[in-house]
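A.B. asks: Sequence:
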Amino acid sequence: MMYDVIIVGAGIAGCVAARQMAEKGKKVLAVEKKNHIGGNCYDMKDEHGILIHPYGPHIFHTSNEVVFEYLSRYTTWRHFRHEVVANVHGEYMPVPFNLTTLEKAFKTEAARMKEKLIAAYGMGAKVPILTLMNHEDEELKRVGKYVYDNIYVYYTMKQWGKKPEEIDPAVTARVPVNISYDNGYFADKYQGLPEHGFTPMFEKMLNHENIEVRLNTEAKDILEIKEKQVYFDGERFDGKVVFTGPIDEFFDCRYGRLPYRTLRFDFEYYDTRDFQGHSVVNYTVDEDFTRITEYKQLTGQECDGTTISKEYPFAYSGMEGEIPYYSIANDENYALYAKYKKEVEDVKGFCLLGRLAEYKYYNIDVMVEKALELCEKLI
112 MMYDVIIVGA GIAGCVAARQ MAEKGKKVLA VEKKNHIGGN CYDMKDEHGI
162 LIHPYGPHIF HTSNEVVFEY LSRYTTWRHF RHEVVANVHG EYMPVPFNLT
212 TLEKAFKTEA ARMKEKLIAA YGMGAKVPIL TLMNHEDEEL KRVGKYVYDN
262 IYVYYTMKQW GKKPEEIDPA VTARVPVNIS YDNGYFADKY QGLPEHGFTP
312 MFEKMLNHEN IEVRLNTEAK DILEIKEKQV YFDGERFDGK VVFTGPIDEF
362 FDCRYGRLPY RTLRFDFEYY DTRDFQGHSV VNYTVDEDFT RITEYKQLTG
412 QECDGTTISK EYPFAYSGME GEIPYYSIAN DENYALYAKY KKEVEDVKGF
462 CLLGRLAEYK YYNIDVMVEK ALELCEKLI
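Going by the numbering used here, the sequence shown opens with residue 112, and the numbers climb by one from there.
Where hints are given, some of them may not hold.
As the list claims (entries may be wrong) - Straight-line distance between alpha carbons at most 30 Å, and here's what the computed DSBU-like set of lysine-lysine pairs gives:
(1) 421 to 269
(2) 453 to 144
(3) 135 to 156
(4) 256 to 237
(5) 274 to 252
(6) 300 to 274
(7) 135 to 471
Worth flagging that the hints you see were computed from the coordinates, not collected in a lab.
Let the hints inform the model, and build the full structure from the sequences given.
C.D. replies: Take a look at the structure:
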């Protein structure tokens with residue numbers, strides 16, 4: 112096959128781009144360094160027959176009709192409204208913090224505090240924690256401080272590897288208190304998971320006569336840039352390249368490694384139908400892990416046992432088996448990224464797409480939208 116387009120990475124961005132270009136009559140090669148498609152959205156059954164997400168829980172949510180309709184070509188949906196609770200000193204409390212959480216946290220004082228919150232901001236309002244922490248009313252200050260101390264500061268320390276004094280309250284405290292009884296984590300119109308899993312959705316997406324997929328393939332083993340020209344398997348390539356992988360690693364980290372936070376997932380199986388009664392429980396005041404996910408609660412799978420995962424964040428080092436998850440947003444890191452971006456800016460037909468190639472975090476729906484937009488420009 113003579114290729115018109117080479118897609119580096121078969122995650123959500125790469126799969127959408129591959130399908131779009133293939134439908135326009137382009138011959139597409141998708142290369143993926145993992146041994147499977149789907150990127151971090153990949154799901155599979157474990158040794159106990161339970162459908163799990165090996166790279167952590169993924170839930171699709173969007174208010175974008177175009178994105179929802181596009182993905183619906185490849186899957187039907189299991190509606191799932193995500194509700195998260197935090198384990199605060201042994202008691203489950205809804206997060207983001209709302210009036211239900213207020214009642215659990217402050218017991219007999221909650222009714223008075225609720226009246227003050229509604230009087231000050233109105234029912235349905237979302238009030239940043241920092242606003243409450245700086246309020247002139249001492250009780251509203253207490254609400255803000257409780258949320259900051261018990262819901263966010265220790266969780267943020269674990270997630271980003273920070274000491275308390277290194278956490279800027281002005282950033283963390285932008286998280287709102289919801290003056291409502293709505294326990295929903297997302298507010299989007301469409302929320303759910305592919306009915307039969309993310310992997311079958313991607314398999315259908317890549318099932319096209321114009322698409323070839325190569326797994327276990329490193330991009331830099333087949334692609335090279337010399338004098339602003341792409342070479343594929345040693346030959347000049349004049350087609351399009353959509354690169355969704357880690358751009359620093361493609362250039363052997365010549366300017367230094369881009370910093371990320373990564374995650375370790377410890378999976379445990381229990382011979383019980385229900386482990387925690389919730390899909391996700393955040394641990395905000397204790398434990399070294401940030402959260403526990405119980406996958407049956409996400410997928411709706413009916414079986415006797417259950418599998419959970421505990422999530423441990425740490426600094427990405429590039430070691431074998433580590434995956435870069437979250438870019439670390441600061442001026443120094445963006446300046447480093449700019450050096451890598453400059454390496455490909457004038458390379459004809461070479462496009463960067465996705466969280467690793469662009470050093471940004473994207474939700475699934477935004478990633479689909481960006482992939483569709485890029486393909487329109489390329490065509």
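A.B. asks: Now tell me if each hint is right for this structure.
C.D. replies: Evaluation of the provided hints:
{"no.": "1", "hint": "421 to 269", "result": "13 Å, holds"}
{"no.": "2", "hint": "453 to 144", "result": "24 Å, holds"}
{"no.": "3", "hint": "135 to 156", "result": "34 Å, violated"}
{"no.": "4", "hint": "256 to 237", "result": "16 Å, holds"}
{"no.": "5", "hint": "274 to 252", "result": "23 Å, holds"}
{"no.": "6", "hint": "300 to 274", "result": "37 Å, violated"}
{"no.": "7", "hint": "135 to 471", "result": "28 Å, holds"}
The structure does not agree with the numbered hints 3, 6 stated previously, though it agrees with the rest.
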